[in-house]
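Q: Residues per chain are reported as follows:
2 protein chains.
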Amino acid sequence: FMIIGVVKERFPGERRVALVPASVPVLAKAGVEVLIEAGAGLPAGYPDEAYRQKGATVVPTREEVFEKAGVMFHLLGLGANPEAGKADLALYRPGQSALGFFRPLGDPESARELAGTGISAFSIELLPRITRAQSMDALSSMSTVAGYKAVLLAADALPRMFPMLMTAAGTVSPARVLVVGVGVAGLQAISTAKRMGAVVSAYDIRPAVKEQVQSLGARFVELPLEAGDAEDKGGYARAQGEDFLRKQQALMAKVVAESDVVITTANVPGRRAPVLVTSAMVSGMNPGSVVVDMAAERGGNCEATRPGETAVVDGVTVIGPINLAGMVPYHASQMYSSNITTLLLHMVKDGALRVDLDDEITRETLFARGGEVVHPRVREALGLGPMASDDARRP
Amino acid sequence: FMIIGVVKERFPGERRVALVPASVPVLAKAGVEVLIEAGAGLPAGYPDEAYRQKGATVVPTREEVFEKAGVMFHLLGLGANPEAGKADLALYRPGQSALGFFRPLGDPESARELAGTGISAFSIELLPRITRAQSMDALSSMSTVAGYKAVLLAADALPRMFPMLMTAAGTVSPARVLVVGVGVAGLQAISTAKRMGAVVSAYDIRPAVKEQVQSLGARFVELPLEAGDAEDKGGYARAQGEDFLRKQQALMAKVVAESDVVITTANVPGRRAPVLVTSAMVSGMNPGSVVVDMAAERGGNCEATRPGETAVVDGVTVIGPINLAGMVPYHASQMYSSNITTLLLHMVKDGALRVDLDDEITRETLFARGGEVVHPRVREALGLGPMASDDARRP
Chain D
1 FMIIGVVKER FPGERRVALV PASVPVLAKA GVEVLIEAGA GLPAGYPDEA
51 YRQKGATVVP TREEVFEKAG VMFHLLGLGA NPEAGKADLA LYRPGQSALG
101 FFRPLGDPES ARELAGTGIS AFSIELLPRI TRAQSMDALS SMSTVAGYKA
151 VLLAADALPR MFPMLMTAAG TVSPARVLVV GVGVAGLQAI STAKRMGAVV
201 SAYDIRPAVK EQVQSLGARF VELPLEAGDA EDKGGYARAQ GEDFLRKQQA
251 LMAKVVAESD VVITTANVPG RRAPVLVTSA MVSGMNPGSV VVDMAAERGG
301 NCEATRPGET AVVDGVTVIG PINLAGMVPY HASQMYSSNI TTLLLHMVKD
351 GALRVDLDDE ITRETLFARG GEVVHPRVRE ALGLGPMASD DARRP
Chain H
1 FMIIGVVKER FPGERRVALV PASVPVLAKA GVEVLIEAGA GLPAGYPDEA
51 YRQKGATVVP TREEVFEKAG VMFHLLGLGA NPEAGKADLA LYRPGQSALG
101 FFRPLGDPES ARELAGTGIS AFSIELLPRI TRAQSMDALS SMSTVAGYKA
151 VLLAADALPR MFPMLMTAAG TVSPARVLVV GVGVAGLQAI STAKRMGAVV
201 SAYDIRPAVK EQVQSLGARF VELPLEAGDA EDKGGYARAQ GEDFLRKQQA
251 LMAKVVAESD VVITTANVPG RRAPVLVTSA MVSGMNPGSV VVDMAAERGG
301 NCEATRPGET AVVDGVTVIG PINLAGMVPY HASQMYSSNI TTLLLHMVKD
351 GALRVDLDDE ITRETLFARG GEVVHPRVRE ALGLGPMASD DARRP
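If you read the protein sequences in the order shown, they are chains D and H.
Going by this note's numbering, the first sequence opens with residue 1, and the numbers climb by one from there.
Going by this note's numbering, the second sequence opens with residue 1, and the numbers climb by one from there.
For the record, the hints were derived by calculation from the structure and aren't laboratory data.
Computed from a prediction, not measured in an experiment: that's the story for all the values here.
Hints may be right or wrong, so weigh each one.
No distinction is drawn between identical chains; accordingly, a pair holds when it is met within one copy or between any pair of copies.
Said to hold, decoys possible - Straight-line distance between alpha carbons at most 30 angstroms, and here's what the computed BS3-like set of lysine-lysine pairs gives:
| id | residue 1 | residue 2 |
| --- | --- | --- |
| 1 | Lys54 | Lys254 |
| 2 | Lys29 | Lys68 |
| 3 | Lys194 | Lys247 |
| 4 | Lys54 | Lys247 |
| 5 | Lys194 | Lys210 |
From just these sequences and the hints, can you work out the full model?
A: Spelled out as structure tokens, the structure:
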């Protein structure tokens, strides 16, 4: 029998768990058993008894899970959990496998340490963005949860109500919410804010998302490029670029100043988040307004953001939350569990893990095997040359 | 000229202000000027400049406002603000008037102290519940804001999402919200929770509210009275009563256990709030569930509530907020300002306050005048006999 091991997550403040009871029978059907550390699911709302009822075995210690499991399921593994994750290095056994968020491109040194334990490690951040992988895409599902939670944080901090109300004491005007960056998180932020009654605008550098924004009932903010100017002067592409950027910032400042809430969500994988909202723009907002910077973990989209803290700048509350999805642990765990279970089952054949490097999903997520970092982009980030052949990645 | 005085509110943590800039021109039209303490509106999002622009005079000290104003506008005056409110006693001048929440029935001793200053004091809690007074009813407007905020607190504390979502990682089931007590606050809690995508049920001892609940898209919980039993045994009204209560509690326990969020709003004016949710019922809820007790200030509808605190009981978060409306200060102030301005203008004639005791609204709200407590119910609460005549209440 193949055994999946699940342990209590150790990232500071983390309440999620990598697997929920509902996934146990799904795995059992494929001949896979589940071993879970006592109390691992409780902070997310899943007591041990619920796991037992679904057929999992609950064991008292973390060590026992690592000893007996063939495949470890993590949420934030080393790399995504830089400090507390170190403790797992001593517990992994050569030949064991591990699935989870490991952030190997953001923290390639951790990837090297993981490889050193001799495990085969698969990182969910590396999933290819293809249709087949959608049901495994935990980055997307965590972004969905985070987009929802960001709006709740904003609504809670705002001294205004979100919906328009007609009362005997007059009309309460609706909150104006601006979402900057319309990926999965931004779309969920838009629909949550709309649902709560706010008037919502959204901006993205990709005009292709305009229709999606409008279909959710929000206004798509267009920062008009002054094409006329470009043609008049002609030729000076660089100067035009600077001119455009300056105008874009001025237009953005105006939109930001008219908003009660700004939610920023722009992340560039593996790099520092771009600054889109300057401190001057924040100062231009009305006192009491709120910025929620969903890119705080990567340095922030707002100049005034202090990651993990709430700052008040000229009367504007700037919230820089870390691990937003972890603040809705019940449903975030449920979605993550579904994603990681689907990924595992994709690689299971006849009750055993079968690493097929001809499969794009398997090949792209695998970054450590046989003692070595095997993923080309992670090797590059470590300054390692390409591997002699794919043999090291093969069983 | 008649002058309205507005000072910074002093209740601990209070961010509201009794008057917002938009009301200044409304008062000016009736020949009434506004004098406001510098910074009084800022915590609610109304800077001094906004008051000046609308024609108010901003003065640096609280003392100056008390000295020059004919009528003081408060939000939480002495009685509703038992400790910090004491400081105002030394500042009132005989013949001055004051409008605000003074809670004279809940704290009649404070009413006596207020009367001792020689002011005419009008308390908004005493407004008669008649159609004419609806636009002055700040208890209602604050309850509206509080009902909204209670749902936000619940959503923020809940480890689940409120709306149902269909995602690539499976279906997220909607939160089940139970609202107990369907007054103004309860109705706003229902519509806020519905708006956010929850499945909402509501209970009230008054079956008359059933239609209102249903018109908001919520389910009305009926706890069936076992009329059959009553007829079989006949005569033993008391025993039947106990039997009914026991059954009611058992049925309520079942509804509570099936809910992810319970919001209680049952207040009895001037008395301790009734206990509707026992500690045993809380323990019967799923871990991670949330209770928001809107009656916390009056002792709470939930046995496990600790007023002003958040307790975790058997994994259930029990929130006992104080001053919920004050947590949404911008709109709460706007609505309150509209209410109190309407009440004042109701009593202003030819630019002066005219106390007409033949008018029900004036007569019912006035509780102190000419050095005496003049309201019959407040006198009764103080053990004073009725006044010899209404002369003392007359100018």
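Q: Hint by hint, note whether the structure agrees.
A: Results for each hint:
Only between protomers do Lys54 and Lys254 lie at most 30 angstroms apart by alpha-carbon distance; the minimum there is 24 angstroms, versus 55 angstroms within a single protomer. In this assembly of identical chains, Lys29 and Lys68 lie within 30 angstroms of each other by CA distance solely inside one copy; the values are 20 angstroms within and 81 angstroms between copies. For the identical chains of this complex, Lys194 and Lys247 are intra-copy neighbours only, at 29 angstroms inside a copy versus 42 angstroms across copies, given an alpha-carbon limit of 30 angstroms. Taking identical chains as interchangeable, the C-alpha atoms of Lys54 and Lys247 are never at most 30 angstroms apart, the minima being 59 angstroms within one chain and 34 angstroms between chains.
Both within a single protomer and between protomers do Lys194 and Lys210 lie at most 30 angstroms apart by alpha-carbon distance, with minima of 16 angstroms and 28 angstroms respectively.
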